[in-house]
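Q: Chains as they are written, first to last, in my numbering: chain A, 1 to 501; chain B, 1 to 632; chain C, 1 to 98; chain D, 1 to 516.
To be clear, the hints were calculated from the coordinates, so they are not data collected in a lab. One thing to keep in mind: the hints can contain errors.
[To be verified] Below are the DSSO-like pairs computed for lysine-lysine, each with C-alpha atoms no more than 27 Å apart in a straight line:
1) D/Lys324 <-> C/Lys97
2) A/Lys440 <-> A/Lys450
3) B/Lys217 <-> A/Lys366
4) D/Lys324 <-> A/Lys25
5) A/Lys479 <-> A/Lys271
6) A/Lys25 <-> A/Lys479
7) A/Lys479 <-> A/Lys491
8) A/Lys491 <-> B/Lys40
9) D/Lys397 <-> D/Lys324
10) B/Lys217 <-> A/Lys450
11) A/Lys25 <-> A/Lys271
12) A/Lys366 <-> B/Lys171
13) A/Lys55 <-> A/Lys25
14) A/Lys440 <-> B/Lys217
Everything numeric in this text was worked out from a predicted model, so none of it was measured.
Okay, here's what each chain looks like letter by letter:
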Amino acid sequence: MPWLSTLMGVSVLGALGVTLVRNDKLAKQFTLVVSLIVLALTVAMAVQFSPNGDKFQFAETYDWIPAFGVHYGVAVDGIALVLILLSVILVPIVVLASWHDAEAGKRSVRTYFSLLLVLEAMMIGVFAATDVFLFYVFFEAMLIPMYFMIGSYGGAQRSYAAVKFLLYSLFGGLLMLVAVIALYSIAGKGTFMFTDLVGTIQDVTTQKWLFLGFFVAFAIKAPLWPFHTWLPDAAAQAPAGAAVLLVGVLDKVGTYGMLRFCLELFPDAAKFFTPLVITLSVIGIVYGAIVAIGQTDMKRLIAYTSVSHFGFIAMGVFAMTTNAGSGATLYMVNHGFSTGALFLVAGFLIYRRGSQFISDYGGVQKVAPILAGTFLVAGLSSLSLPGLSTFVSEFMVLIGTYERYLVPAVIATTGVILAAIYILWMYQRTMNGPTAESVKALPDLNAREKFVVAPLIALLLVFGFYPKPLLDVINPAVKDTLSSVSVTDPKPAVPVAQEGK
Amino acid sequence: MEPAEIIQHSGGAIGAAWLMIALPLVGAAILLLGGRRTDKIGHLLGVLMAVASFAVAALSFVQLLGFAPGERRRGIELYDFVPGLAKVGLLVDPLSISFCLLITGVGSLIHIYSIGYMAHDPNRRRFFAYLNLFVAAMLLLVLADNYVALFVGWEGVGLASYLLIGFWQHKPSAATAAKKAFIVNRVGDFGLLIGLFTIFATFHTLAFNDVFANADKASSGTLTAIGLLLLVGACGKSAQLPLQSWLLDAMEGPTPVSALIHAATMVTAGVYLIVRSGPIYQGAETAQLVVTIVGVATLLAGAIIGTAKDDIKKALAGSTMSQIGYMVLAAGIGPAGYAFAIAHLITHGFFKADMFLGAGSVMHAMNDEVDMRKYGALRKVMPVTFATFAIGYLAIIGFPLLSGYFTKDGIIETVMEHNAVLGWLAVLGAGITGFYMSRLVFMTFFGAKRWEPTAHPHESPAVMTWPLIILSIGAIGLGAFLVLGNRFMTFLAPAVGAPEEMPSFHPFSLTGLATLALVAVGAVFAWFRYGAAEVPAVAPRGSFLTTFARRDLYGDALNEALFMRPGQWLTRLAVFFDNRGVDGLVNGLAAGIGGTSGRLRRIQTGFVRSYALSIFLGAAVLAGAWLVVGNL
Amino acid sequence: MTTHYLVLSALLFAIGGVGVLVRRNAIVVFMCVELMLNACNLAFVTFARQNGNLDGQLIAFFVMIVAAAEVVIGLAIIVTIFRTRRSASVDDVSLLKY
Amino acid sequence: MNGTIEAPTIEYALLAPMLVVFGAAIAGVLVEAFAPRYLRSAVHLPLTLLSLAGAFALTVWQAVKGVPTKPAAMGAVAVDGPALFIWGTILVLAFVSVLLIKDEEHFVGSAAALPGSAEEEQSLVERAAHTEVYPLLLFAVGGMLLFPASNDLLVAFVALEVMSLPLYLLCGLARRRRLLSQEAAVKYFLLGAFSSAFFLYGTALLYGYAGSVDLAKINLALGSVGGQDTLLYIGAAMLGVGLLFKIGAAPFQAWKPDVYQGSPTPITALMASGTLVAAFGALLRVFWVGLGGLDWDWRPVFYGVAILTMVVGAILAITQTDIKRMLAYSSIAHGGFLLIGVIATGSAAQNTAALSGLLFYLVAYGFTTVGAFAVVTMVRDAGGEAWHLSRWAGLGKRSPLLAGTFAFFLLAFAGIPLTSGFFGKYAVFQAAVSGGALPLVIVGVVASAVAAFFYVRVIVLMFFSDPAADGPSVVLPSRGTAAVVGIAALATVVLGVFPQPVLDLAHTAAQSLFVR
């Protein structure tokens, strides 16, 4: 059964369907159902995935544009699978969360939800694409629905943010396009299939240039310091749901691209640029955290924390050790859940009070304990507290990086302290202290909102104590990737008889 | 003698040791998720879980005693936590079981006490949930058989303390104190994390067994590095210099919390970590030396702080710092000191809990007044509290034959053998202890009434006094039981090793007498200043030294000057740079293009002739270029 | 010796071109264009002679016809604009700009 | 060469498409002459459409029958693969544009009447209409067909004029904003004539150099003749001026914004699509066939021109406030992108790739452009079409469908994947990279990034900003206009998702390259 195509097909059909539904409420429910169906299908697919089977599974390949050697090629390995899972899990949650978000905007509710489903299809596609060109197509096309979601349904500065987001990403994408074209011509294979292109570029200088073409695009998407400034604007202006997908999934395409394309297609260049990338990541980790501390706007603050987190992910990708690689991949997933939860709860708060400014809150914990509690848990996941899944990934990334790059890992670890500062300080300013007049009448989470947050927190906790299921899927894929880059983990100073335990 | 091998174990109470952690954890989960529905049973469930967990600990202890000393290290496989990094398992051995008993035992008593203490708090359920969480995390910390799991418990303790210190979060001071505690702890954790990374990079494993078995293979440089990094972690949790600042603010929490943090959990973690990591430290003299120095410095600093505090809880907090200092000092010495360190930790657990709960009982009576200058002459109105408190007091100052006497002197003696300078400093510390603890007792229970008119002190209910009584019993006898005949040292030996020849206890050593003398001097001095003499209702300005002590040795001032202010400044700078610099560059580029466009479009004048000119010139240029290129 | 004619044609062409640039009256501008075309004719004829085939002379005729057609269209346009604006100055028609 | 003149042989079959169009044009003139006024438009429309359709049919038949390998009409006209492809494209685009023109809202009742004069009122009352529009248009289309097919420079010149002259007139026939329209006509005419004079002079010089105006012969001469390089270079340059002017490449782009803005929108659509296609066809033929041996000399020159064109087009467009002007600048920028393809010559295979890419781009861009201008005709207020961008604010809220379509066209212009524009750009860039013109491509993508800004700006206006109180209303489109928008949108989607068929077609057309 063509699983992946089915997934995308269902979402697209759903998107069309939504536009046909006449009544808004119905449209919402319809969207929710569709996204749940997609989720169910994905889970059904995931359980059939055999971690130690072929690298790419559920592969489908058809010629699309023979003239350019372009295929419609989709398949998943462990990495892609978990990221697709992340996406399809987030979508229904976002649908539920943004039940009323679209009503704020003057544009139709149906458009919003149909855009959401289109986006879902593209998110699945971009992770599943095994054809570099197809990947690029999704990579760029994804921008459009998000652009409209931000621009039409966002906050006061929405059009500025939307344009900035689109143009910035588009610019990166175009540079990547040049690299894609060059890759095709230089490889001279007459095909864009990823597996055929791996290892075709031997000349290191060429590799370096192509690497840069891809990397800049991904660095903007991720976003890595110093290409990050579009994110706070976009995330702060986007409706909470869109922000979740933007930061939780779309940005992952950047780090995913680094892991999948930059490393495997241009291994030598990747090794050459590793110091640079690691440096940028470390700067991003510390810088993002420090700037986050200084934010006055909740959503901007969360966005900056993500800049810091993406630093961790990129560092893990380029540390090129099994632990760091798996950690980075796991980090992508966990960060999706954690930031998702943070954005959504913050969204609920903002929806109630109508202000994004931290200073407008205070003592909410007293009037809305559940909201505060969920906010705290989400925050703690963002500072990667043990027991929440984010800890596992951050720990793996750091320990894996430390094996090879001691100093960067140490500097990056200070992020642990800074994270505590920005999260707890935000929490204190919003939730603790005497209850501010303006929030005296704040209602606590309603049933719908609890349903939104519960699954995320549950996932954070479950994977926090038992990440094995995910790691068992991720590890082989990462090992495979690293072996195709032909790097091996550094050996310990003191070899210990039985590994592992 | 070396630590014994770990024997994989299953069955019996030890096989079910995970219940110790699970029970309170479940309790916490039920109470937190259950919400208001569970308000009724909240406190009962909390207590039940703590006691149950104590029962499991006790049974495990009994079962452990059943084994021959060499077979008393039992490992329990749980599950594969992070494939390739950490399998989670438990390690039940004399060391961990001692901690379990202390944590669950004293913990349970504090639970019970809290029923009464928090009776009127609307959020009592949540309070008990947090208490359970605290106990669970601490148990995970001590039972873990590898550093990852230990770290999980480690941070879990941090979280619980954050929640409890900030339990009255509507008070800004409480919220700030909680945040401060967590962040300072994070600074410690930073060191601990790096330590773990180094361990993994060196051994490619984080399991105690494998690491310790191979510790001798690693270079002493590496071991020193690891040792120091672990010490940083220990300092954070155990409030040792220079990371002590959070402990005194932590008093913002309800008093039982202070008791729990200071007596049974949290602060003892650091000592545990150092003792547990013994094999690493034994390979690194430098690290050990640093540990001992930190210990001594802290024990003096704590004592000095204790002398100047009028807030009864802060004074006790100072004493905690100081006592933990003793333990760390002993732990720094090696196997010879471990037994005493832990023994003192246990006895201290009892008498400190006793005194904190006693102080709580006093505050309870004085409607939450903490200023000792507003107490006085309470011994009559609160006989039980006074009696129990007095016992704790005598124990801590090392009054002969009470538990503090044995354990603390043990430490001092060992240190003295190890290094005279440190030894005499420790003695000095004991003297100061004598002073400030006496001061505390006299100001609270003796002298004239200095109560607020509104205060109507009364004895606390039984649910609060019984724990005090039980604890004071421990404070009386435990020390003798543990130390005499090196009972505890032999028990602990399989876990942490022991010195070649066991120390012999001789009551009238020079050191012992000197210590007693100094303590006596301190106590008497205190009596004349605070017992017999009139205590001014408002604190006199006092000497420079007094202010120095009152201001916690300027610890906070230092942090503020060194970290907070520069930090805030850096933050503002970074934000500005981000908006103006990085983002400014991006927007500037866009604006630049726009501006160019605005200027450039002016060349489109609208006059045909200028267009024609552009064509004409274009043609000329084209032809020229062609000629140039063509003739190349 | 044909070069003289070529130089002449080049000169004429240049004069025409410059005329287009400097004259204001649309009619005159247009005449200058015609002049350029005729310069081309001269060149054609000259080259025809030089190359010894008739093509060039033939082409000249084509050009004249085209030029004539151009005149028809051009005058039509210029006249309409003159009627509406009461001026034939090309500098007045500059509403469309920037 | 002796005096005897042998009768020329003409392959009428090959030339049929052109002949049909020209025939219809003449017939149209006769209609003007003899048919009563009220009948004319009724006769013209079917005549025009049928002739275009017929011509298209013949072209297809021609292509199916097999592409001839040698020039027709004594080497005057070359009906080869590219020519046929371009013919097909032009004919379809012209057909679509006619559908736009059909709605005589656009054209002035009597061009002779003074704006605002009694006569004009009168003509409006009589519902007078310049039905000459149709024959004129047909002549122009005929010229467009001949231009890229002309195999010698004289024919090229004649074709150029046949194509241009009617357009000069049509530009001046706008019903509204007549001053602007007339100004556009005058400017276009003077500059057009000026530039064609350059073209002619270039022809003369090349004739002097090669002794013939036949492209093939010129190319032969390139090798043999020596010593007169100056003649050759200047001549080539002058030809270049004439052709680049039609394309609107910098520094010869100045006329484009003014003329595009002033002309009746349907004519703008025709010029932006048909003329551009024809001009590129001619450019390719002249420089690949006539001066193919010279490409090492002209490539660098075009390098510069292309870069300048892209940059000027992209940058100046940013600050435009008039939708038609903005589209004009965007078409300049696209001309630059297309020039990249012209430069990407090399081996035969390389040429095929470049050529097919170029052809595909032309088709894609042509359709999108017509569609965009068709939308422009539908957004009107009291003063006719609402050109000023500020009037477009919030259109997305008032009529989402139209705005959505327009946004889609804009995204296609910007070259977003899953639109025809993307594959057009991709095909050209691809060819250029494998042709070793990487720097050019990089400039290209940077330019398209800049260009994206002003397309996006319009989308922002339409969707993200609130509608103006007295904002323009969208007229219910006439069936013709609706059809145009529909066709264009469809083409943009199909070419953006399944470009393969058209790519194949372009490839086969380019396979044979140009006959020599």
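Q: Please write out, lowest number first, the hints stated earlier that are contradicted by the structure.
A: 3, 4, 6, 8, 10, 11, 13 and 14
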